[in-house]
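K.L.:
The chain contents come next:
Protein chains: 2
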Amino acid sequence: MICERYPSFRERSENVDLVVEISLQPWKVFKPDGVILFSDILTPLPGMNIPFDILKGKGPVIHDPLRTANDVAGVTEFVPEESVPYVGEALSILREEVKSEAAVLGFVGAPFTLASYVVEGGSSKHFSKIKNLAFSQPKVLHALLQKFTDSMSRYIKYQADNGAQAVQIFDSWATELSPVDFEEFSLPYLKEIVSSVKKTHPHLPLILYASGSGGLLERLRLTGVDVVSLDWTVDMWEGRRRLGLDVAVQGNIDPGVLFGSKEFITKRIHDTIKKAGSDKHILNLGHGIVVGTPEENVAHFFEVAKGIRYSNLSS
Amino acid sequence: MICERYPSFRERSENVDLVVEISLQPWKVFKPDGVILFSDILTPLPGMNIPFDILKGKGPVIHDPLRTANDVAGVTEFVPEESVPYVGEALSILREEVKSEAAVLGFVGAPFTLASYVVEGGSSKHFSKIKNLAFSQPKVLHALLQKFTDSMSRYIKYQADNGAQAVQIFDSWATELSPVDFEEFSLPYLKEIVSSVKKTHPHLPLILYASGSGGLLERLRLTGVDVVSLDWTVDMWEGRRRLGLDVAVQGNIDPGVLFGSKEFITKRIHDTIKKAGSDKHILNLGHGIVVGTPEENVAHFFEVAKGIRYSNLSS
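Those protein sequences? They're chains F and Z, same order as listed. Counting from 1, one number per residue, gives the positions in the first sequence under this note's numbering. Counting from 1001, one number per residue, gives the positions in the second sequence under this note's numbering.
Because the hints were derived from the structure by calculation, they are not lab data. Take these hints with a grain of salt, some might be off.
[Stated by the list, open to error] Now the stretches of chain F that chain Z is said to cover, found in silico as 3 or more residues with beta-carbon under 8 Å:
{"id": "1", "segment": "95–105"}
{"id": "2", "segment": "133–143"}
[As the list claims (entries may be wrong)] Straight-line Cα separation of at most 27 Å, DSS-like style, residue types lysine-lysine; simulated pairs:
{"id": "3", "chain 1": "F", "residue 1": "Lys275", "chain 2": "Z", "residue 2": "Lys1139"}
{"id": "4", "chain 1": "F", "residue 1": "Lys129", "chain 2": "Z", "residue 2": "Lys1058"}
{"id": "5", "chain 1": "Z", "residue 1": "Lys1058", "chain 2": "F", "residue 2": "Lys139"}
By construction, the Cβ of each residue, glycine as well, lies at the ideal position given by its N, Cα and C atoms.
Work the whole structure out from these sequences, hints included.
P.N.:
So this is what it looks like as structure tokens:
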């Protein structure tokens, strides 16, 4: 097991050979249509002068959380070629390995979500520290968000230049904000990233994921991304209508469905495809797979999905 | 400190004098318009032959989680008068204490949320055990949900008969379900509770709370409750329109706002009231208060809210 030989997440995710090997593992077993770079949204942080670790059972830890204007001033510009050359190398190798059999997918963290980690000092339940900053010293937070915006725009382009054929932006924590606060602390930065990337890479599909976005859908559309990932808490049919049918959607099967019977899994896949319609839909779970999911059910998911790939169920 | 003298949550919540004292504490300090019974949604469980504990730092623990038809068959009918007489006594005393200065509020857990606890064995992150049951042996889960429905209908009536002037139903985990699964495993039971209570207590206001309900609002309306509590992830104006203006709303200020400046808190209160309109709105946080919230900001919240109670900001 790679995890046993290399218990440090950062070691696994910063070594080209390991990144390639781990990225290819699920593809070799299940042959999905996409190969996702093994990495973390926090991977760029050390290149911005923000050291971090990922500790087993605890998740990410930022040893010196940023809380003041001075802390933010110390955040440096991210130069992917210098700080994370292993990402570019791994993407090029993956592209070569999978050829046209699958798309190679990169990803980055959205500014607000990255800011949440570095202000809170890691994962959080109530996000009281970043909300304290947002609601009492908004300028300090805006300065930090702008730095992440510039760096992540550059990072997306770097990933595309090295072989990523689509890039997903994770704004996992944006949905902890009220819509009006999302409009101030997340939306403008997402828009800026999208428009910056589209200038140099007009054909690179950008995907946005924010879990629990039932209160935000119409605003996610305003970011200008090509694809919105829907988690399972929104009905696919209703989500498509709220987003507008010109936006593609990814999702949105409850990962918990894979704990059900095979018959139930099959039915839910068919229902989801019917609700999504025949156009602009990437079938996927609505969130990451849950530890403990029966592997035979994952295999069943792919089998059913592939079997109906070329049928048109959306009458 | 009561918590130091009585470290067991169950002891504090099952002793009439302590329940009354703790229930009145926030009211004595901040004089809100409501006094909420100090209790837990799991309090009825032992009366249904499901023992539980609430452990510090761990939350609720159900020692023998229910997973099979046989387990469900062992769940007994809840008779509040016999199992939780201290609840009725405490409510009567509270009613007497606060007279017409405040409303006394009771609450119960919704069937799906109670089922989640007893199937998972406590709090959960991914709800894989109850989803396994729902998606592979739905009949077993439905039998359990029916038992909770009957018992909670009875419990609401008991609370009202003993002094509760409104009862909130917490379906905290219903939003872990896809809307289509909510329609199967939660909505019919909520409807049944509401219609059962309305038969005998037509004027008792019933309030429904489900956090993160942005994907479910139109369905929450279908339960027939009088008031829907909105958390802060839905815009108040949009929430009202999606629910329909004939349904009252409670909420929906982000508890994280209380970590902001006083100016910001004031502004958010005014904005929320404007968005809610002048009618059928109970101003409140969109979720429980967060540990570590500055007490002076809580005081400020009440001061501002009371100052504008009789003005009409909703032009």
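K.L.:
Indicate, hint by hint, whether the structure satisfies it.
P.N.:
Structure-based check of all given hints:
Remark: the segment 95–105 of chain F is not confirmed as covered by chain Z, as 0 of its residues place a Cβ nearer than 8 Å to a Cβ of that chain, below the required three. Coverage of a stretch by a chain is defined here by at least three residues with a beta carbon nearer than 8 Å to that chain's beta carbons; for the segment 133–143 of chain F and chain Z the count is 3, and the condition holds. Restraint check for F:Lys275 and Z:Lys1139: the C-alpha separation of about 26 Å stays at or below 27 Å, so the hint holds. The suggested pairing of F:Lys129 with Z:Lys1058 holds, with an alpha-carbon distance near 23 Å, which does not exceed 27 Å.
Between Z:Lys1058 and F:Lys139, the direct Cα distance comes to roughly 37 Å. Violation of the 27 Å bound is thereby established for this hinted pair.
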